[in-house]
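Enquirer: As they're listed, the protein sequences go chains E and D. Note that my numbering has the first sequence beginning at 236, numbered continuously upward. Note that my numbering has the second sequence beginning at 376, numbered continuously upward.
In case anyone wonders, no lab produced these hints; they're calculated from the structure. For glycine and all other residues, C-beta sits at the position ideal for the given N, C-alpha and C. Treat the hints with caution; some may be incorrect.
[Stated by the list, open to error] Here are a few chain D residues that face chain E, going by a calculated C-beta distance under 7 Å:
| no. | residue |
| --- | --- |
| 1 | H556 |
| 2 | L560 |
| 3 | Q563 |
[What the hints assert, rightly or not] Using C-beta positions, here's what the derived DEER-type ranges look like:
| no. | chain 1 | residue 1 | chain 2 | residue 2 | range |
| --- | --- | --- | --- | --- | --- |
| 4 | D | L500 | E | L610 | 54 to 64 Å |
| 5 | E | L567 | D | S456 | 24 to 34 Å |
| 6 | E | T257 | D | M582 | 53 to 63 Å |
[What the hints assert, rightly or not] Examples of chain D residues toward chain E, derived with CB under 7 Å:
| no. | residue |
| --- | --- |
| 7 | Y388 |
| 8 | Q389 |
| 9 | V395 |
| 10 | N426 |
| 11 | D432 |
| 12 | N452 |
| 13 | Q453 |
| 14 | R458 |
| 15 | L459 |
| 16 | N470 |
| 17 | M486 |
| 18 | L487 |
| 19 | I490 |
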Amino acid sequence: MLLKLAWRNIWRNRRRSLIVLTSVIVGLVAIIISDGLSNGMIGQMLFNQINLNISHIQIHKKGFNNNKVVKNYIPNYKKVDQVLKNDPSIKAYSRRVFVTGILSSANNSSGVMIYGIDPNQEANVSIIKNSMIEGSYLTNNKRDIIIGKKLAEKLEVEVGDKVVAMANTLKGDIGSEVFRIVGIFRTASSEFDKTAIYIPDATEQSMLNIGNKYYEYAIITKDYDNVGQVQKKLETKLGNKYEVLSYKDLLPMLIYQIELYKETMWILNVIIGLALIFGIINSMLMSVFERIKEFGVLMSIGMKNSRIYSMIVTEAFIIGIVGTIAGLIIGLLLEIPLTHTGIDLSFFSTGLEAFGIGTVIYPILSVGNIILSSLFMPFVAIIGALYPAYKAIKLEPIYAIYYV
Amino acid sequence: MDILKTEKLEKTYQDNGVPVHAIKGIDLKIEKGEFLVIAGPSGSGKTTLLNLLGALDKPTNGKVFFENEDLTQKDKNQLSSIRLHKLGFIFQAYNLIPVLSALENIEFSMMLLGIPEKERENKALTLMDELGIKDLAHKRPNEMSGGQQQRVAVARAIINNPTVVLADEPTANLDSVTAGHLLDLMEQMNKEKNITFIFSSHDKQVMDRAKRLLILKDGRIDKS
Numbered sequence: 236m237l238l239k240l241a242w243r244n245i246w247r248n249r250r251r252s253l254i255v256l257t258s259v260i261v262g263l264v265a266i267i268i269s270d271g272l273s274n275g276m277i278g279q280m281l282f283n284q285i286n287l288n289i290s291h292i293q294i295h296k297k298g299f300n301n302n303k304v305v306k307n308y309i310p311n312y313k314k315v316d317q318v319l320k321n322d323p324s325i326k327a328y329s330r331r332v333f334v335t336g337i338l339s340s341a342n343n344s345s346g347v348m349i350y351g352i353d354p355n356q357e358a359n360v361s362i363i364k365n366s367m368i369e370g371s372y373l374t375n376n377k378r379d380i381i382i383g384k385k386l387a388e389k390l391e392v393e394v395g396d397k398v399v400a401m402a403n404t405l406k407g408d409i410g411s412e413v414f415r416i417v418g419i420f421r422t423a424s425s426e427f428d429k430t431a432i433y434i435p436d437a438t439e440q441s442m443l444n445i446g447n448k449y450y451e452y453a454i455i456t457k458d459y460d461n462v463g464q465v466q467k468k469l470e471t472k473l474g475n476k477y478e479v480l481s482y483k484d485l486l487p488m489l490i491y492q493i494e495l496y497k498e499t500m501w502i503l504n505v506i507i508g509l510a511l512i513f514g515i516i517n518s519m520l521m522s523v524f525e526r527i528k529e530f531g532v533l534m535s536i537g538m539k540n541s542r543i544y545s546m547i548v549t550e551a552f553i554i555g556i557v558g559t560i561a562g563l564i565i566g567l568l569l570e571i572p573l574t575h576t577g578i579d580l581s582f583f584s585t586g587l588e589a590f591g592i593g594t595v596i597y598p599i600l601s602v603g604n605i606i607l608s609s610l611f612m613p614f615v616a617i618i619g620a621l622y623p624a625y626k627a628i629k630l631e632p633i634y635a636i637y638y639v
Numbered sequence: 376m377d378i379l380k381t382e383k384l385e386k387t388y389q390d391n392g393v394p395v396h397a398i399k400g401i402d403l404k405i406e407k408g409e410f411l412v413i414a415g416p417s418g419s420g421k422t423t424l425l426n427l428l429g430a431l432d433k434p435t436n437g438k439v440f441f442e443n444e445d446l447t448q449k450d451k452n453q454l455s456s457i458r459l460h461k462l463g464f465i466f467q468a469y470n471l472i473p474v475l476s477a478l479e480n481i482e483f484s485m486m487l488l489g490i491p492e493k494e495r496e497n498k499a500l501t502l503m504d505e506l507g508i509k510d511l512a513h514k515r516p517n518e519m520s521g522g523q524q525q526r527v528a529v530a531r532a533i534i535n536n537p538t539v540v541l542a543d544e545p546t547a548n549l550d551s552v553t554a555g556h557l558l559d560l561m562e563q564m565n566k567e568k569n570i571t572f573i574f575s576s577h578d579k580q581v582m583d584r585a586k587r588l589l590i591l592k593d594g595r596i597d598k599s
């Protein structure tokens with residue numbers, strides 16, 4: 236009967252309760268959508284970085300990551316090949332020759348990262364093949380090169396034009412080769428499109444005069460959640476002449492940004508919660524003050540303070556629960572279609588591409604976060620009711636009964 | 376046997392910083408089964424005395440004994456428990472819970488006692504039938520007349536078989552015929568269930584029904 240009484244009390248002042256309920260619903264919908272969007276952005280940021288060129292795990296010669304010079308090539312790539320081929324947790328890998336250099340056209344030149352790759356291997360670990368917007372993907376043709384759209388714009392070149400790549404060789408000379416652009420790619424990261432170029436690995440090896448040597452293995456594991464274990468396993472198998480780095484080691488700033496972003500989202504949720512708490516306090520206080528006489532009657536017929544307190548908190552809890560259910564339904568109805576269609580934020584394209592996110596964000600529903608948010612609202616409602624309930628039980632029966 | 380007893384009972388209010396002595400040293404004994412009316416002019420202290428007897432208010436000085444227990448020594452929860460188990464209240468303005476039906480209003484105090492739903496519904500309906508208000512069972516207070524609401528209030532007050540029912544000006548908002556019927560009902564409950572009724576009233580009709588009349592004047596018993 237207490238529940239029935241609490242429920243009916245809520246609907247005494249329909250308009251006020253609907254306003255509080257709406258604020259709970261709007262708050263929860265805002266949390267669900269902003270959470271989905273932030274998860275989507277974080278997910279896309281990581282996905283793009285991993286699938287562009289970072290991959291799940293990279294293997295180098297020990298010390299290469301901090302000193303990317305030509306002499307730091309992998310000591311025995313055949314050993315690495317052997318280890319990777321025999322490991323069932325590896326889905327694909329790509330050997331890379333990798334050096335910084337300069338790419339020049341007839342009109343301009345620009346500092347670049349020159350990736351020498353086996354086009355077929357690279358297609359299994361990166362999305363570069365699927366990011367081609369003009370021409371075709373790289374072949375093993377010795378003079379072929381593919382470059383990013385931004386770089387093409389800077390160098391004022393297009394498919395079919397010639398460019399010259401230059402880099403320091405193993406002996407310290409300048410090695411250079413002439414290439415013909417066979418394709419132009421565009422990824423979610425404008426920074427990557429400005430700096431990365433791909434040529435066949437054999438051509439780069441010849442240009443650098445290093446023979447059959449590689450600098451990097453980019454590895455995709457079968458299970459994303461298992462990267463840490465695979466990393467440890469490879470470290471053990473390869474020994475201390477190699478460095479085995481996961482994407483977390485290779486993208487420390489991004490991981491830090493993601494953590495910071497998640498914490499910011501929680502702060503935002505807390506702010507929404509605080510705003511709701513004050514709304515609920517206000518509404519419940521009004522409700523309590525309107526019913527002072529009634530609390531006096533309840534006290535006179537022997538209702539204990541603890542029960543009066545519970546009744547008021549229950550009223551707020553019901554608002555929290557009803558608001559949560561409605562908010563969940565509305566939030567999910569709004570968000571589920573967006574997880575498929577994405578939200579086009581091309582208006583902010585410059586900023587988003589600089590962060591490597593892409594202009595269409597696909598929200599990701601996190602069941603854990605939705606459950607937490609669903610618990611959050613009734614909790615917030617209870618917190619908001621504590622003070623009004625306290626005010627109610629502090630009333631003296633005699634004062635309350637004759638309150639006008 | 377004295378069911379209620381006061382000793383040198385005093386109550387002083389502060390009205391904008393000015394002390395108002397509402398009750399000035401009342402010694403009173405009330406026996407079980409009495410049908411007592413506390414009468415007197417406005418401001419004589421009737422309602423204050425009734426509230427002190429009903430453990431709704433605490434005296435400034437003196438003592439109130441209920442079944443030989445000193446109410447002034449009890450805490451809030453103990454007083455609530457006494458009101459729930461032993462006392463019933465009827466107010467001038469009926470004071471039913473507006474969001475509950477007549478039946479639910481009557482059931483409410485049984486719910487507080489933890490009586491199962493079916494049992495309390497049967498008990499409430501039986502009493503409503505006795506009082507001739509069974510047809511009001513599912514009506515909300517705003518759908519009932521003043522007399523009907525006061526009958527429901529009487530049912531609410533006596534449903535837990537209290538020892539004492541305290542009624543503060545119960546007929547003040549009723550016409551004389553309705554008031555007469557209500558008093559008949561309370562007299563019947565007094566006789567049949569031996570419930571002690573204590574009224575505060577200056578309604579002649581109520582005073583005429585009193586088995587014992589207590590006249591208050593300026594916070595003191597003027598005539599008993």
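Enquirer: Determine for every hint whether it applies to the structure shown.
Expert: Verification of the supplied hints:
no., hint, verdict
1, H556, "violated, 23 Å"
2, L560, "violated, 19 Å"
3, Q563, "violated, 22 Å"
4, L500/D to L610/E: 54 to 64 Å, "violated, 41 Å"
5, L567/E to S456/D: 24 to 34 Å, "violated, 48 Å"
6, T257/E to M582/D: 53 to 63 Å, "holds, 55 Å"
7, Y388, "violated, 10 Å"
8, Q389, "violated, 13 Å"
9, V395, "violated, 14 Å"
10, N426, "holds, 5 Å"
11, D432, "holds, 4 Å"
12, N452, "holds, 6 Å"
13, Q453, "violated, 10 Å"
14, R458, "holds, 4 Å"
15, L459, "holds, 2 Å"
16, N470, "holds, 4 Å"
17, M486, "holds, 5 Å"
18, L487, "holds, 6 Å"
19, I490, "violated, 11 Å"
Hints 1, 2, 3, 4, 5, 7, 8, 9, 13 and 19 from the earlier list are contradicted by this structure; the remaining hints agree with it.
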